[in-house]
Amino acid sequence: MTLTPPALALEGISKRFGPVAALDAVSLRVEPGQVHALLGENGAGKTTLMHVAFGMVAPDAGTIRVHGNRAHIGAPSDAIAAGVGMVHQHFTLVPAMTVAENLVLGGRGLLHRDAMSARVSNIARATGFALDPNATVETLSVGAQQRVEIAKALAREARILILDEPTAVLAPAEAEDLLQWLRGFARAGNSVVLITHKLNEALAVADTVTVLRQGRVVHSGAAAATTARELAVAMIGEESATLAAQQMDSLPPGGQSHDSGPENAVLAAQRIVVRDLVGRIRVRDASLTVRAGEIVGIAGVEGAGQRELLRALAGRCEIASGSLQRPPHIGFVPEDRHHDAVLLDRSLTDNVALRDAGSRRGRMPWQMFRAHTRALVHDFDVRVPSLGTTMRTLSGGNQQKLVLAREMTEPADARSTDLAHAAAKTLIVENPTRGLDVRASADVHARLRAARDHGAAVVIYSTDLDEVLALATRILVMRDGTLSEVPIDRDAVGRVMLGTV
Amino acid sequence: MTDAITPFLAATIRTATPLALAALGELLVERTGLINIGLEGAVLAGAFGALAGASLGGVAGGYAGAMVGGLLVAALFALCVLVLRADQIITGMALTLLAVGATGTMYRAVYGTAGAALHAPTSGPWAIPGLASIPVVGEALFDQPIVTYITYLLAPALAWWLARTHGGLALRAIGERPDAAVAAGIAVRKVRALAILAGGLLGGLAGGTLVLAQAGTFVENMSAGRGFIALAIVVLGRWRPLGVALGALLFGAASALQFAFQAMGWAAPYQLFLAAPYLLTLAALAGAMGRARAPAALGRPI
Amino acid sequence: MPSGASCLARSDVWASTETRARAARAVLFPAGGVAAIVASIALLLMVGGYDVPRALAALWTGSVGSWYALTSATLVRAIPLMLTGCAIAIAFRAGVFNIGAEGQLLAGGAGATAIALTMPGAGTGALILALAAGALAGAGWAAIAAVLREKFGVLEVISTIMLNFIALYAVSFLVRGPLQEPTHAYPQSSTIAEGVRLARIPGAGRLHAGIAIALIVVLVAGWALRHTASGFRMMAVGESPSAAASAGLIDVRRVTTLAFVASGALAGLAGAIEVLGVTYALYEDLSPGYGYTAIAVALLAGLDPWRGVVTASLFAALEAGAGAMQRDAGVPSTLVAVIEALLILAVVAAQAVRVRRAGVSSDSAASAREHAV
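Chains as they are written, first to last, in the numbering used here: chain Z, 1 to 501; chain R, 1 to 302; chain L, 1 to 373.
Careful: at least some of the hints might be erroneous.
[Claimed, not checked] The calculated label-pair distances, taken between Cβ atoms and stated as ranges, are: (1) R:301 x Z:114: 33 to 41 angstroms; (2) R:301 x L:34: 27 to 35 angstroms; (3) R:221 x Z:384: 21 to 29 angstroms; (4) R:214 x L:43: 54 to 62 angstroms; (5) Z:21 x L:51: 41 to 49 angstroms; (6) R:164 x Z:68: 48 to 56 angstroms; (7) Z:318 x R:257: 38 to 46 angstroms.
No lab work stands behind these hints, which were simulated from the structure alone.
Ideal Cβ positions, reconstructed from N, Cα and C, are used throughout, including at glycine.
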């Protein structure tokens, strides 16, 4: 039994956001030389806890100790000074600046270009990362940017490294490399806190595992002493764990997918080229056909062009060349809900009425919209305090359900007497369950499958490979602007994503 | 011909000085991602402050008063936008209207509604020995009020500070990606507040220049849109100090040109000359906006 | 795909919930608001060392203290204010910061004058044409800034203010040049023939038929914003251009341009009505700053044209009373401009605080960010 104090000890941390208790007397001990996985589903409080450790959020109660000494961490600068570094889910790099500039950001005094470059080289040597001091961050790939983020933390001499869902944006092989690197970093005497919602990842790399659920610690112990099942039950409860396991088991067997020709094609793209907002070509030469009654899954690392592809397919942006046949009404559920899909401070009815508002003429049939909204809320089980509230008051899961409901149904107009939804024929969804808890995610998946069963053509893109594998009847991998069809098999997909076929 | 160049250059510099001061101040603000439309208000408040200060303490008091006036407007802007999170554009607009109303009211209250022209002490030009003797340009560039020399030094100083210090790097980072600055441990709100105050101080100084180094008096609304023109100059100068200084010179030259045309007897209606700076601003903005790369976080709600 | 022409994104300040609390506030606010305004004026007067009772009495008699004051000072001013206020409301709702109502009003006045002078004898037909010309001229003036915004990405805040100055000098040129009255002695246009004027309402002093036009226009505008697809699109674009484009498949450019031009038309109409109903000629100082006061009118009305009628009347009363205050008690009339500006700040700050309290951050990332920037 060693008496060295933990590298990082959080004791009795509590935090409320309004009426919601995000953290309730949470304690965490990270030992030196170890990788500590912080598990929990979305919304369990993992990120909040680490934000407290990094000084971005002030706790209502509790103390922080670094190497046994009480530390007052009121701002990120305090955390950095105490040797804590954090790699966030959404990178905190300045895209327009160089790697060197990003690395030294936050310092004092004069900038010495040569000294900065030398510093970058030193860190590159120490970590084994390839870092070009003068490269502009926005030109780097996602994986490379993440390495710069890590380097940034290490440049400030972090001995305790916190990573928030780092593998979410990486291809399987890249994720493997990262996890191995983290193990090595820990063995060298440092500490790693890995925030993740992926069980297998935690078991594969961590020495200790702590599970948070609804703001409380429900499990904490050595990784070797527990099983995936035990952790799953701790994360989401007995019933849900069983349900999730059943869903995973019902994956379609691997094998060639069927390409039965162009009949029934609802959406067809031939050799389309799409540019992004700045004019760069993002989709080089993509062709695909989507038929009624199938779910086409698109896998790929972020930045491979899927964003532009989806929007082109959904008719939200122009194609530069090639041809595209699509139906007039396509439902589109974008990833950034708050920014692209809803009007947060308007009523639910206003949000429902938003669909296809661009082509509406004449009067707004508010009575019809109110009835339609009521129907959607009921049929899709959206929990709302009242129909008159604003979108902002809904939880993430309920917001997503309402968006899905809106996009999946055509609003009844004066001609139709059936206020119940006539199913939309085409649906395109992007990372549909990002930020949602297990139950809401399962709900969304069920809706998508139901849409497929009712004859809709669905295209889904997700950075979560498991989600794509679980839902898709066919899988296409997007890499560097082109699409290629692959068998529904994790390894095959992973290899094509990285181009190591 | 050469004897027309010197007065032309001198007029250019004279017109450009207050524009450059105000624009350099706004440049700092905009590089942190904020837009202060209240700059016009700061300039006007500075002009009135100069009058008030000069009546108490001569030219030095005048410049002090000018800076105080500008700082007051800036402080209000910082309060509303950084603390109360009000909309930047509307706040700026309201502050300009407030400055117009307040300076007008105070002017009338103290100096009477007859609007008699008052005389404020002016700081005459101070020739730099040696430099002022350079043929053609010497007299124009180096026989100017001290505040002009300060402006000459300010632009390159700001350029150096932005590019070569951590402070400058931090300020630029805030304007590009505030979240990154936060994560790097930079006190974003503090830096923004300081930038706003600096902008107000320089804007007030610009107003003070109008009174103390040029007109020698205060007139209601005497800023006449210079603050807005300065906003355009920031864009024209691509958010870089040296570019902004150049932009201010361009405007100064255009203004000086119109006097030259008038002197030469062009038969255009005089209103065209009065409207020229504003037309020029429109043209400059139309030409510049597309190619310039604004700080990425500029104008985003905070 | 929208290419982010204007680098400004409107903040989500115009929260709009349809709760009963808001309805209650709508009734309480005018009463409380008026009291607050009067209190602020009294405070400023005290600070300035003025005779407060005398000044307030002048404020009262000059605005609503007599039938004549009410009709000929206040309501006459309320007409251009409710129209320009409506103009601002439409523009701001769509996310267009049209600060150029002043210039658009002048353009409208000039346009109406030009038409009215070229067809003096034609009666009501000419009147209607002149009004239409005014609206068209205002729309055209706004279109300049709209094109600059959409094609060149020029911030409309700056361009519309520039255009205000340019309009002023243009009118100055017109009334000393092409449109000047025959004796060439005064900087104004010829007087408009009686047949082309907006008739005065009998028994109501200087109040003229323009009030009917203004009320009808505002009524229709308010209805259109609530009940037409076009109005809905403007609201959506103002709330979130990205969501409007992506979720609503709305052509953001077309909607903002339409709002901009419609806004200009309303301001131009206000100018036309001023010329045809009040001044009967084109002057340089046709507008004592209506275009800027309109901003306060619109904001205080929560960008709602119908509520704008009330706030317009309030500001009209203030400005009418301010003139009397200056005459009788020596209080500079610019004090009202100070009050107006403070009101705008109060409204915007209060809105922001309210939205922030309502949208309590529900996750730590947002909370962390909020406290840092």
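Look at the Cβ atoms of residue 221 of chain R and residue 384 of chain Z and judge whether their distance stays inside 21 to 29 angstroms.
violated, 52 angstroms
Using the beta carbons of residue 301 of chain R and residue 114 of chain Z, state whether their distance is inside 33 to 41 angstroms or not.
Since residue 301 of chain R and residue 114 of chain Z have Cβ atoms about 39 angstroms apart, the given range 33 to 41 angstroms holds.
Between the beta carbons of residue 214 of chain R and residue 43 of chain L, is the distance compatible with 54 to 62 angstroms?
violated, 36 angstroms
Falls inside 38 to 46 angstroms, the C-beta gap from residue 318 of chain Z to residue 257 of chain R?
Holds, at about 44 angstroms.
Falls inside 48 to 56 angstroms, the C-beta gap from residue 164 of chain R to residue 68 of chain Z?
Given about 41 angstroms between the Cβ atoms, the range is violated.
Does the Cβ distance between residue 301 of chain R and residue 34 of chain L fall inside 27 to 35 angstroms?
The hint (27 to 35 angstroms, Cβ to Cβ) holds, given that residue 301 of chain R and residue 34 of chain L are roughly 31 angstroms apart.
Could one say that the CB atoms of residue 21 of chain Z and residue 51 of chain L fall in the range 41 to 49 angstroms?
violated, 59 angstroms
When held up to the earlier numbered hints, the structure conflicts with 3, 4, 5 and 6 and fits the remainder.
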